[in-house]
Amino acid sequence: MDLGTIFGLLGAWTLIVWAILAGGSLVWFINGPGMILVVGGSIAIMFLAFPASIVKSLFKVIRNAFFFQSKSIEKLIEDMVHYAEIARRNGILSLENTTKDIDDAFIVRGIQMAVDGSEPELIEQVMNNELENLIDRHSLGKSMLDALGRYAPAFGMIGTLVGLVIMLMNMDDPSMIGPGMAVAILTTLYGAVIANAIALPIADRLARRSSEEVLYRTIIIKGVMSIQSGDNPRVVEQKLRTFLPSSAMAAKDQEAAA
Amino acid sequence: MDLGTIFGLLGAWTLIVWAILAGGSLVWFINGPGMILVVGGSIAIMFLAFPASIVKSLFKVIRNAFFFQSKSIEKLIEDMVHYAEIARRNGILSLENTTKDIDDAFIVRGIQMAVDGSEPELIEQVMNNELENLIDRHSLGKSMLDALGRYAPAFGMIGTLVGLVIMLMNMDDPSMIGPGMAVAILTTLYGAVIANAIALPIADRLARRSSEEVLYRTIIIKGVMSIQSGDNPRVVEQKLRTFLPSSAMAAKDQEAAA
Amino acid sequence: MDLGTIFGLLGAWTLIVWAILAGGSLVWFINGPGMILVVGGSIAIMFLAFPASIVKSLFKVIRNAFFFQSKSIEKLIEDMVHYAEIARRNGILSLENTTKDIDDAFIVRGIQMAVDGSEPELIEQVMNNELENLIDRHSLGKSMLDALGRYAPAFGMIGTLVGLVIMLMNMDDPSMIGPGMAVAILTTLYGAVIANAIALPIADRLARRSSEEVLYRTIIIKGVMSIQSGDNPRVVEQKLRTFLPSSAMAAKDQEAAA
Amino acid sequence: MDLGTIFGLLGAWTLIVWAILAGGSLVWFINGPGMILVVGGSIAIMFLAFPASIVKSLFKVIRNAFFFQSKSIEKLIEDMVHYAEIARRNGILSLENTTKDIDDAFIVRGIQMAVDGSEPELIEQVMNNELENLIDRHSLGKSMLDALGRYAPAFGMIGTLVGLVIMLMNMDDPSMIGPGMAVAILTTLYGAVIANAIALPIADRLARRSSEEVLYRTIIIKGVMSIQSGDNPRVVEQKLRTFLPSSAMAAKDQEAAA
Amino acid sequence: MDLGTIFGLLGAWTLIVWAILAGGSLVWFINGPGMILVVGGSIAIMFLAFPASIVKSLFKVIRNAFFFQSKSIEKLIEDMVHYAEIARRNGILSLENTTKDIDDAFIVRGIQMAVDGSEPELIEQVMNNELENLIDRHSLGKSMLDALGRYAPAFGMIGTLVGLVIMLMNMDDPSMIGPGMAVAILTTLYGAVIANAIALPIADRLARRSSEEVLYRTIIIKGVMSIQSGDNPRVVEQKLRTFLPSSAMAAKDQEAAA
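Just so you know, the sequences run in chain order A, B, C, D and E. As numbered in this note's numbering, residues 3 to 260 make up the first sequence, in order. As numbered in this note's numbering, residues 3 to 260 make up the second sequence, in order. As numbered in this note's numbering, residues 3 to 260 make up the third sequence, in order. As numbered in this note's numbering, residues 3 to 260 make up the fourth sequence, in order. As numbered in this note's numbering, residues 3 to 260 make up the fifth sequence, in order.
Next up, chain A with everything else stripped away, as it sits in the complex:
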């Protein structure tokens, strides 16, 4: 779990609620029909704009953004070098036993194909295909959140226009103008909060998560291909280390030179 994400989300909402309480009452800011219009309307539009099966995955996508565990690339390279050593020492078939202890299904699938003696081109094609499917899923999740970040303010504006018309048609009682306008404004507020304190920042986060995971899996693909072709574990390490952020790499480099 990622404390920054939780802290960010709770922090932003706490500040909004606190700003409300600093000058008024929370009750003033709750308008049932307005909330239903903005939240319900945005969700309905998501079902119009995206296939139902995909909208249902939206919650999974959001949950992923919160509970995603950044995996260590250093550790991954060490593991891949370790598998290369086993393959070099005992033959590639001996990796079959090793796969039982590996958590990452993507690594397992790759090594299994190498053990089964699949053609290198096929292994690479199958793994790249899976990687592209992942990228597609991520970019679809991001585009859904971006769409929510557009449609929620739009429905907020629609609600405000509806509220303004109702208020303007009821101007006989001047004392109702203020509250009527306040209610009309609320849906714009709901839309702005949904977009800027939920949908758009999570979309930003997802884009970043995606590029991290793509790097991670690219290293796995290169590693499996290197192991499959019987590369020396040192060569495997050297090839994979070029993907490391440079500070980590430089450290390793000086170590090696020492």
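Warning: the hint list may mix true and false statements.
If several chains are the same, the list does not tell them apart, and a pair holds so long as it fits within one copy or across any two.
What the hints assert, rightly or not - Below, computed lysine to aspartate or glutamate pairings styled on EDC-like, alpha-carbon distance capped at 20 Å:
hint: 1; residue 1: K241; residue 2: E126
hint: 2; residue 1: K224; residue 2: D81
hint: 3; residue 1: K73; residue 2: E214
hint: 4; residue 1: K224; residue 2: E134
hint: 5; residue 1: K224; residue 2: E123
hint: 6; residue 1: K241; residue 2: E123
hint: 7; residue 1: K62; residue 2: D81
hint: 8; residue 1: K58; residue 2: D4
hint: 9; residue 1: K77; residue 2: D106
hint: 10; residue 1: K102; residue 2: E121
hint: 11; residue 1: K62; residue 2: E121
hint: 12; residue 1: K144; residue 2: E214
No lab work stands behind these hints: they were computed from the structure. Quantities reported herein were computed from a predicted structural model and do not represent experimental measurements.
Given chain A, work out where chains B, C, D and E should sit, using these hints.
For chains B, C, D and E alone, kept in the frame of chain A given last:
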């Protein structure tokens, strides 16, 4: 037919109507001249911005978005492998009879060309050309809906400006200011609803539909080319399976390994 | 002439005028200084933003958008095949007489170069160069209309700000507030109408026109190159037909197969 | 000097001043602190957003946009062909004297390198490098003007918000509300005028100027390379003429054919 | 340190404060809860939108933008030529001592690898990798500032909507309407100032800094590769000088020709 689409469209409109009824009367929100200006003006501008023949296809495009039947890619691959088996067993000419039972005109056209002994380059060129025409038609449909999503709010704003000027010129009777302003605001509301609850979400949907159908037809082209070149049905399957989403592919993979 | 374009333009303007008459008087919406500011200011800015020689071509560009005659691609292919037959039967020099009856200066120029025995590379380079010049001219026309679609609303807003300041400085007479504000709003209305009912839709139209004409000329270039290299008329037809929209092509296809 | 540019700039400003005088007094539109905030603030932000050395060149960039002399490409090609003839007749070294009469430093530098016997690859690299530096400078100038077109309205809005707060805090004297609001609005007007009647149109113009000059220098590079390789003057002309706009080229073509 | 940056930042803020003091009191513009909402909310959203480790580096990124020292490319090329001379004269191993006097860790690392006898492909790969990491870090810094430039105004608007609702609910006391509205507007002002006088201009600056540093390091990489391959110092200079802005290069050129 796609229940999600219908549910999304009806849901969004029901919520808007319900929000109106929660605070006022539906009659307040109906302004004949305003509706004619926004709806009619947007349609007229579509005829200015796009050739008439294309605007007329807009309804067909929208209908397609609603009644599009997602086709199973698994099923398609099975079919293509089946045709490959027939061609392998009885010669490619024997596919002539099979084409009578095939629904998809695109598959029929491809196989027919293979049966007729056309050059592989020509078959691929003709089928790719048809695929690009499809992509063009889809992207034209999307760009029309995007244009509608821009021009409808613009005409809503024009209507509101017209209404405001009329109201400001009639300020002798203060009791008319409220209703006059309400009427002026209505066209902005119409434009926002047309854009955000019809045009833009359907444009999003169309983009997604298009990429689904492009994948479907790409698999058909690869399959026909593979059958034409006399590939073994197993090879045909292997080639086409690389287009499958990875979860489905992995399942097949383990099956094959078992 | 294109009826859709005329219908669209007249329709949109008629609806705006009708909406004005439905609630007020056309005189209220005419403000000489405001019109001069928005129309004159936008035109002046066009001369600042684009070379004078190009701004002067703006009217020609707009006229083209209205009077452009969509040319039949089917007919073009038939013609090119016809020229190929003549070249095949009587030698390429015999096309010299044919060029006298051809309307399209682009085809004439291409065939003339082929008759003169120019190198194929030179013919292709010269014709492609002319095509790129056409694309440049079209995209320049579109970018001028897009600029007009940005600067007209900007000058509308400048006019409204000027009007508001004047109104606010004259608030001694409350009865003048309404009309003063109405006048101020008018320039925003002018800017919105110029942008959304003239400049931007015509820019959209131009983009479409351009891609149609590029396709048309690309087919001419391919055809001339094919004739020049002495291709069989059937091969010329087959090469050019791959540019046809698929429905038309499929029809031809079945015909050929029959 | 370019009359269109001057006419455009003066025209737009004259119209704005005239619109002010048509309804009010120029004095109402002058607010010292507001002008200093918008103009000064925008300039200060330019120093924050761009290196000081580059901001200082902004005036030079703007002056260039006004006093840029469109050079004739026809004339350039004639000159290059003329140099090719000299080189052909008297040897390339004889061009050394010719360079004294050439105004354009870019041509001189290219020919000088050819005369000095530099490697063709080096000549092309050095000249292309200089061309890319020019493109960088132009695009930097454009991006500065675009930034000014964003920051001036932003500071206009900041000024208006400051003015509104001051006005709202001083509402004891109702007669001051109008003038207070008028003053507040002025900075938005200043920002809009700076952006739309100075910065953005000049940025548009610069983009166009840049592409003209890039074409001009590209022809020079091709010409120098062609002269250096000892091409026949006719071949030099033919190569360079493919860069001409097609109308001019067609004319030449028929001449040549005649 | 960069005086332009400091001057720009201080200048813009001084002008804003001065504009406030010209018409009102600084106290009117300080609203504790509003500041906490906009500043705190934007920061919280940054933690939601970006990994915590990266947000923490934001201050470092901003500091870099201010204290970045533009390095002389002329001087760099002289140094690289100097190292090439040493390598040529005393063998590449003799550079080992030289590295002790070099400040730039990137040059040291490159030369060290050359001295250690690493493969040229590996040196280039490692250095390019480090360069791409730098580009990634810079573009991440820019995208964080761009996000701040979007979220700060969004929270400003949220604060204003909250303030407006509170004001509208408290309309019993008309004397409080002005100050209530003033307070509501303040958060929009805070958001606009944070975006336009801090975040967005620094993002612009960072983009420029990044391209300067990328050029600097590209020259280092080319230089090290050239030294490693034993190039003549004159060739090293000629290769690196092609990266110089053209004015500087021309000067050198004439010098060399003299």
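Unmet hints by their number, sorted upward, for this structure | Numbers 7, 10, 11 - these are the hints that the structure violates, sorted from lowest upward.
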